[in-house]
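Number of protein chains: 2
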Amino acid sequence: MSEGKGITIISEAVCEQVVGRPEAFVAVENVFSAMAKGTAYNFPVIREAIGHADALYGFKSGFDRDGMILGLKSGGYWPGNIDKGLTNHQSTVILFNPDTGELKSIVAGNYLTAMRTAASSAVSIAHLARKNAKVLGMVGAGHQSTFQLRAAVEQRNFEKVIAWNFHPEMLPKLSAVCEELGLPFESVTREELGVQADVIITITSAFESLIQKNWIKPGTHIACMGTDTKGKQEVDANLLAVATVFTDEVAQSISIGEAQHAVASGLIKVEDITPVGAVINGTHPGRTSEEEITLFDGTGVGLQDLAVASAAVELADLAEEKDQTNCINL
Amino acid sequence: MSEGKGITIISEAVCEQVVGRPEAFVAVENVFSAMAKGTAYNFPVIREAIGHADALYGFKSGFDRDGMILGLKSGGYWPGNIDKGLTNHQSTVILFNPDTGELKSIVAGNYLTAMRTAASSAVSIAHLARKNAKVLGMVGAGHQSTFQLRAAVEQRNFEKVIAWNFHPEMLPKLSAVCEELGLPFESVTREELGVQADVIITITSAFESLIQKNWIKPGTHIACMGTDTKGKQEVDANLLAVATVFTDEVAQSISIGEAQHAVASGLIKVEDITPVGAVINGTHPGRTSEEEITLFDGTGVGLQDLAVASAAVELADLAEEKDQTNCINL
Numbered sequence: 001m002s003e004g005k006g007i008t009i010i011s012e013a014v015c016e017q018v019v020g021r022p023e024a025f026v027a028v029e030n031v032f033s034a035m036a037k038g039t040a041y042n043f044p045v046i047r048e049a050i051g052h053a054d055a056l057y058g059f060k061s062g063f064d065r066d067g068m069i070l071g072l073k074s075g076g077y078w079p080g081n082i083d084k085g086l087t088n089h090q091s092t093v094i095l096f097n098p099d100t101g102e103l104k105s106i107v108a109g110n111y112l113t114a115m116r117t118a119a120s121s122a123v124s125i126a127h128l129a130r131k132n133a134k135v136l137g138m139v140g141a142g143h144q145s146t147f148q149l150r151a152a153v154e155q156r157n158f159e160k161v162i163a164w165n166f167h168p169e170m171l172p173k174l175s176a177v178c179e180e181l182g183l184p185f186e187s188v189t190r191e192e193l194g195v196q197a198d199v200i201i202t203i204t205s206a207f208e209s210l211i212q213k214n215w216i217k218p219g220t221h222i223a224c225m226g227t228d229t230k231g232k233q234e235v236d237a238n239l240l241a242v243a244t245v246f247t248d249e250v251a252q253s254i255s256i257g258e259a260q261h262a263v264a265s266g267l268i269k270v271e272d273i274t275p276v277g278a279v280i281n282g283t284h285p286g287r288t289s290e291e292e293i294t295l296f297d298g299t300g301v302g303l304q305d306l307a308v309a310s311a312a313v314e315l316a317d318l319a320e321e322k323d324q325t326n327c328i329n330l
Numbered sequence: 001m002s003e004g005k006g007i008t009i010i011s012e013a014v015c016e017q018v019v020g021r022p023e024a025f026v027a028v029e030n031v032f033s034a035m036a037k038g039t040a041y042n043f044p045v046i047r048e049a050i051g052h053a054d055a056l057y058g059f060k061s062g063f064d065r066d067g068m069i070l071g072l073k074s075g076g077y078w079p080g081n082i083d084k085g086l087t088n089h090q091s092t093v094i095l096f097n098p099d100t101g102e103l104k105s106i107v108a109g110n111y112l113t114a115m116r117t118a119a120s121s122a123v124s125i126a127h128l129a130r131k132n133a134k135v136l137g138m139v140g141a142g143h144q145s146t147f148q149l150r151a152a153v154e155q156r157n158f159e160k161v162i163a164w165n166f167h168p169e170m171l172p173k174l175s176a177v178c179e180e181l182g183l184p185f186e187s188v189t190r191e192e193l194g195v196q197a198d199v200i201i202t203i204t205s206a207f208e209s210l211i212q213k214n215w216i217k218p219g220t221h222i223a224c225m226g227t228d229t230k231g232k233q234e235v236d237a238n239l240l241a242v243a244t245v246f247t248d249e250v251a252q253s254i255s256i257g258e259a260q261h262a263v264a265s266g267l268i269k270v271e272d273i274t275p276v277g278a279v280i281n282g283t284h285p286g287r288t289s290e291e292e293i294t295l296f297d298g299t300g301v302g303l304q305d306l307a308v309a310s311a312a313v314e315l316a317d318l319a320e321e322k323d324q325t326n327c328i329n330l
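In the order they appear, the protein sequences are chains Y and C. So in the numbering used here, the last one in the first sequence is 330, and the numbering has no gaps at all. So in the numbering used here, the last one in the second sequence is 330, and the numbering has no gaps at all.
Read the hints as simulated data drawn from the structure, not as lab findings. Treat the hints with care, since some could be wrong.
As the list claims (entries may be wrong) - No farther apart than 16 angstroms at their CA atoms in a straight line, the calculated lysine to aspartate or glutamate pairs in the EDC-like style are these:
| hint | chain 1 | residue 1 | chain 2 | residue 2 |
| --- | --- | --- | --- | --- |
| 1 | Y | Lys232 | Y | Glu208 |
| 2 | Y | Lys84 | C | Asp99 |
| 3 | C | Lys84 | Y | Asp99 |
| 4 | Y | Lys37 | Y | Asp66 |
Please model the complete structure; the sequences and the hints are all you need to start from.
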C-alpha cells in the first residue's frame, strides 16, 4: 500500500454529484476506443458462488494504458440485501497507480455501475442507430432500465418511447421518466414493439429469447444489455445472423454475452462480431445503410467501471469537493 | 460500496504495531486448517504482466467461512520502485462483509505479506520438524529471509543458524538478526548446509535446484518458500520423491510451487502431496519417524493475506488505536 501518500475515497454521494451522463458517456466511449486499439485490456473475470448468503462475488479488472487507469471492481450480488435496506448489487472500484502499484483511490461503485451500463448502450446508439430514429423500445422495466432510458434518449430525437416488461406493473417506472422528459409513453406487446421501434434496448435477466427475428423491422438498432452469464438470452439467435453484430469485448460476447447462442449454434462466427471501439476509431464503417439491422451485445467489462471511477476521482478533484471527498494518509 | 456504514483503514504503521509473529502464526495456522477442512477456499489467481513499468500485477482472493473473511489482496511487483524510494512489492488487502458484500476494511499489505509468508514456514516447522531440531539452515538472504528466520527460531530450541546465499555479501543481514537473538551464526557451502541442518528454509528467486537430494540428512524438515511461479525451482526434484511432501494448497503446489517439477517428471503424484492443514487438524499424522524427511511447499495463498489482514483489523479495534486507524463514513 501507499507509503506516506494519500489515497482518495469517493463516496456514492460524491459520485452522484460529479459523474453525470455526459461524463460517463465520454469515459466509456474512450475506453471502448482504447480496447479496440489494443491499448486497454480486461483481465480474466473472477466470479464465485461463495456458498454463503446465496452471494455471487467476484472482480472485474484491467489496465488502460491510454488513460493510465489500473484497478478492479470488486463486488457482487447479495439477494438478501434488500431486506436489510441495502441494494442487492454491491460494488467498489479500487484504483492503483500504474507507475508504482500504490493504492490510489477507492470509489463507491453502485451508482457508477448503473451509469456505465447506461453509457454503454448510449454509445452504441450514438455510433450505430439511424440518425432519424424516432421510436425507442424498452424491453425490461427494472431498476437499471431507467438509467438506460435516460442515456438513450439523449442520443437521437426520439418522439415516443414504447415498452414491454414481463411484470407490466413495473412499467410506471419508465412512464414516469418519460413524463418527466416530456416524451409520449406506450405499453405494447413484444410483437408491436418490434414493429414500431427504431431503436430497442433489452435490459432483463431472461434465460430465453424475448424478441423474435421476424418482429424486427429493417434499419433497427438493438442493444442487448442483459446477458452477462452463460445461459442467459434476450433475443432470437437468428436475429444475430441477419444483423451486423457489435460488442464491447468479443471474448465476453461469445462466452457470456448475447452472441453465445448464435456462435454455439453456428449461425455466426467469431469473426462476424466487431468491437464497437472499431467504429468509434473509424477502422470499421459501422452502419452502412438505412435498412441494415445493427445489434450491440453489451456484456459489461471491468474497464468501463475503472473508466467512470477514474472520471469520478478527477471530477471530484476539479470540483474541489474536498470537504466531501475523503483523502487519507497511509 | 457501503451505504452509510464506516470502513476501517489500517496503515502499514498500525499493522506493524498490532500484528506480531504470534498473531500471524495463529491466523495462518487457522486458515490452513480451514482450507484442509474445505470451509475456506482460494479463488483463481489473476496475474498479469501489464506492459507498463515492467510491472507484474494481480490479485489473490478467497473466502473463509469459518473466519467469515472475504476479500482479496491486490498488488504486484514494480521493479523500478526502489529507485523512487518505495518497496518493489506493493500490496493492499481489501475485506468485504460476507453477509452483504459491503466494503469493510482496507489494510496495508506490504508488512503483512512478509509476516504471513514467515508464519507459513513457521507453521510447517511447528507441525513437521523433529522436536529436537538444533541447527537451522537458511538458503537465501534477501529482505524476506530475516522474517522467515525470526519466525522459525521461535518454533524449536535451535542452537545455531547456518546460511548460504548466492550473493554472500548479503549474509550479514542474517548474522545481525542472529546476534540480536543470541544465536551463533555460520556462513557455509550448500553441501555443508545439508550436512548440518535439521531444518532448512529456502527463500530465493531461483530457477534451478540449489539443494541436491544427496546433501540432505535423514530427519530433516525443509520448507521451500521461494517458488511461486511456473519455472522457478529451489531444490532437487528427486528430494520430493524421498520426502513426505506437504503444502499450503495442492493446486498451487503442482502448478506454480516447488512440486511442479517432481509432478511433471513423474517422480511424485498429486496424491502424494498433503495439505499441512490436515496435519493441523489431526487427519494426517504428519512426521511418523525421526528419520523421515518432510518437505513443505509454501506457495503463498490469498487466504493467508486475508487472515492476517482480518487479524490486523480486529487487533487495531481491540488496541483502540482509533487515533491511528482511520474510520471513514461512506
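Now the hints, each set against the structure:
1. Taking the CA atoms of Y:Lys232 and Y:Glu208, the gap is near 7 angstroms; set against the 16 angstroms cutoff, the hint holds.
2. The straight-line distance between the Cα atoms of Y:Lys84 and C:Asp99 is roughly 10 angstroms, inside the 16 angstroms bound, and the hint therefore holds.
3. Of the supplied pair hints, the one linking C:Lys84 and Y:Asp99 holds, its CA atoms being roughly 10 angstroms apart against a limit of 16 angstroms.
4. Annotation: proposed proximity of Y:Lys37 to Y:Asp66 holds, straight-line Cα distance about 10 angstroms (limit 16 angstroms).
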